[in-house]
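Quick mapping for you: the protein sequence lines, in order, are chains Y and R.
197 is the number that the working numbering gives to position 101 of the first sequence; each next residue is one higher, with no gaps.
176 is the number that the working numbering gives to position 91 of the second sequence; each next residue is one higher, with no gaps.
What the hints contain is simulated information worked out from the structure, not anything from laboratory work.
Backbone N, C-alpha and C define an ideal beta-carbon position, used for all residues, glycine too.
Any given hint could be a false lead.
Said to hold, decoys possible - Covered by chain R, according to a simulated footprint, are these stretches of chain Y (three or more residues, beta-carbon under 8 angstroms):
no., segment
1, 108-121
2, 168-180
What the hints assert, rightly or not - Straight-line alpha carbon distances no greater than 30 angstroms define the calculated DSBU-like cross-link-like pairs of lysine-lysine that follow:
no., chain 1, residue 1, chain 2, residue 2
3, Y, 123, Y, 140
4, Y, 147, R, 134
5, Y, 147, Y, 167
6, R, 143, R, 154
7, R, 154, Y, 123
8, Y, 158, Y, 140
9, R, 154, R, 191
10, R, 153, Y, 123
11, R, 134, R, 153
12, R, 134, Y, 140
13, R, 153, R, 191
14, R, 143, R, 153
15, R, 134, R, 191
16, Y, 158, Y, 147
17, R, 154, R, 134
18, R, 191, Y, 140
19, Y, 140, Y, 167
20, Y, 147, Y, 123
21, Y, 140, R, 154
22, Y, 167, Y, 123
23, Y, 140, R, 153
24, Y, 158, R, 191
25, Y, 123, R, 143
26, R, 191, R, 143
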Amino acid sequence: NAGVMQNPRHLVRRRGQEARLRCSPMKGHSHVYWYRQLPEEGLKFMVYLQKENIIDESGMPKERFSAEFPKEGPSILRIQQVVRGDSAAYFCASSPPGPGEQYFGPGTRLTVT
Amino acid sequence: AQSVTQLGSHVSVSEGALVLLRCNYSSSVPPYLFWYVQYPNQGLQLLLKYTSAATLVKGINGFEAEFKKSETSFHLTKPSAHMSDAAEYFCAVSDLSGNTPLVFGKGTRLSVIA
């Protein structure tokens, strides 16, 4: 059973470009979470999705950021018009239905130049 | 609202010495508590979790943690540090309803000196 997969692992974007981060959850997992890790900081929750539904987006900036988890395919975190402050590691985690731990992917490290 | 405080952003121990990483939590509801480890440029790996069963929880790689409700603490320990334990450690909390976002502490970087 493959773990949570994220791609790309590293992404470089110039200010004003768009960044698309992908996350494929573990097999059988229908819950996906996105977290952001800034340098010297812990992980901060951004958004929680189930298939075709956003359950909680309280941690996601209102502007420029969006997320989806379609019926088919990976979850996508999209950042439009990136700025230098968006440079961070973005982690995706998945979990099965019901109480349980979250399994993390290796992360996508976004650098905005 | 839930929160986690990890005392000490950096802890340094000698190889073979006791490892103690501190975590205090705040939660208005009974919590689930977790310790994760992160090696450089990697994702987070679950070390152990507390889910309201036994208060002393054993995890992987010889780590364990004790849930103390009276102290709102969930400190991580290992009797004898190994060089391979050098990493960043994160304590996290969620509520017992399950499938809720984790709230993380800022992390503690563990260095192991030969």
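Comparing the hints with the structure gives:
1. Counting residues of the segment 108-121 of chain Y whose beta-carbon sits less than 8 angstroms from any beta-carbon of chain R gives 0, not enough to reach three: the coverage restraint is violated.
2. Only residues whose beta carbon comes within less than 8 angstroms of a beta carbon in chain R count, and the segment 168-180 of chain Y has 0; fewer than three means the coverage is violated.
3. At roughly 25 angstroms between alpha-carbon atoms, residue 123 (chain Y) and residue 140 (chain Y) fall within 30 angstroms of each other, so this suggested pair holds.
4. At most 30 angstroms may separate the alpha-carbon atoms for a hinted pair to count; residue 147 (chain Y) and residue 134 (chain R) meet this at roughly 26 angstroms.
5. At roughly 6 angstroms between alpha-carbon atoms, residue 147 (chain Y) and residue 167 (chain Y) fall within 30 angstroms of each other, so this suggested pair holds.
6. Taking the CA atoms of residue 143 (chain R) and residue 154 (chain R), the gap is about 17 angstroms. The hint holds against a cut of 30 angstroms.
7. Between residue 154 (chain R) and residue 123 (chain Y), the direct Cα distance comes to roughly 35 angstroms. Violation of the 30 angstroms bound is thereby established for this hinted pair.
8. Of the pairs offered as hints, the one joining residue 158 (chain Y) and residue 140 (chain Y) holds, with about 15 angstroms between alpha carbons and a cut-off of 30 angstroms not exceeded.
9. A threshold of 30 angstroms between alpha carbons decides the hint, and for residue 154 (chain R) with residue 191 (chain R) the separation of about 21 angstroms falls inside it, so the pair holds.
10. At most 30 angstroms may separate the alpha-carbon atoms for a hinted pair to count; residue 153 (chain R) and residue 123 (chain Y) exceed this at roughly 35 angstroms.
11. Taking the CA atoms of residue 134 (chain R) and residue 153 (chain R), the gap is about 14 angstroms. The hint holds against a cut of 30 angstroms.
12. For the hint pairing residue 134 (chain R) with residue 140 (chain Y), the CA-to-CA distance comes to about 19 angstroms; that is within 30 angstroms, so the pair holds.
13. A C-alpha spacing of about 21 angstroms is found between residue 153 (chain R) and residue 191 (chain R), which places the hinted pair at or below 30 angstroms, so the restraint holds.
14. Restraint check: the Cα-Cα separation between residue 143 (chain R) and residue 153 (chain R) comes to about 15 angstroms, which is no more than 30 angstroms; the hinted pair holds.
15. For a cut-off of 30 angstroms, the pair hint linking residue 134 (chain R) to residue 191 (chain R) stands: about 18 angstroms separates their Cα positions.
16. Restraint check: the Cα-Cα separation between residue 158 (chain Y) and residue 147 (chain Y) comes to about 21 angstroms, which is no more than 30 angstroms; the hinted pair holds.
17. For a cut-off of 30 angstroms, the pair hint linking residue 154 (chain R) to residue 134 (chain R) stands: about 15 angstroms separates their Cα positions.
18. Distance restraint check for residue 191 (chain R) and residue 140 (chain Y): the Cα-Cα separation of roughly 9 angstroms lies within the 30 angstroms cut-off, and the hinted pair is therefore satisfied.
19. Between the alpha carbons of residue 140 (chain Y) and residue 167 (chain Y) the distance comes to roughly 26 angstroms, so the proposed pair stays at or under 30 angstroms and holds.
20. Distance hint between residue 147 (chain Y) and residue 123 (chain Y) is fulfilled; the C-alpha atoms sit about 13 angstroms from each other, no more than 30 angstroms.
21. For the hint linking residue 140 (chain Y) to residue 154 (chain R), the alpha-carbon distance of about 25 angstroms falls within 30 angstroms, and the restraint holds.
22. Distance hint between residue 167 (chain Y) and residue 123 (chain Y) is fulfilled; the C-alpha atoms sit about 14 angstroms from each other, no more than 30 angstroms.
23. Proposed proximity of residue 140 (chain Y) and residue 153 (chain R) is supported: the alpha carbons are some 25 angstroms apart, at most 30 angstroms.
24. Only pairs whose Cα atoms come within 30 angstroms are accepted, and residue 158 (chain Y) paired with residue 191 (chain R) is accepted, the gap being roughly 24 angstroms.
25. For a cut-off of 30 angstroms, the pair hint linking residue 123 (chain Y) to residue 143 (chain R) stands: about 27 angstroms separates their Cα positions.
26. For the proposed pair residue 191 (chain R) and residue 143 (chain R), the alpha carbon gap of about 23 angstroms is at most 30 angstroms, so the pair holds.
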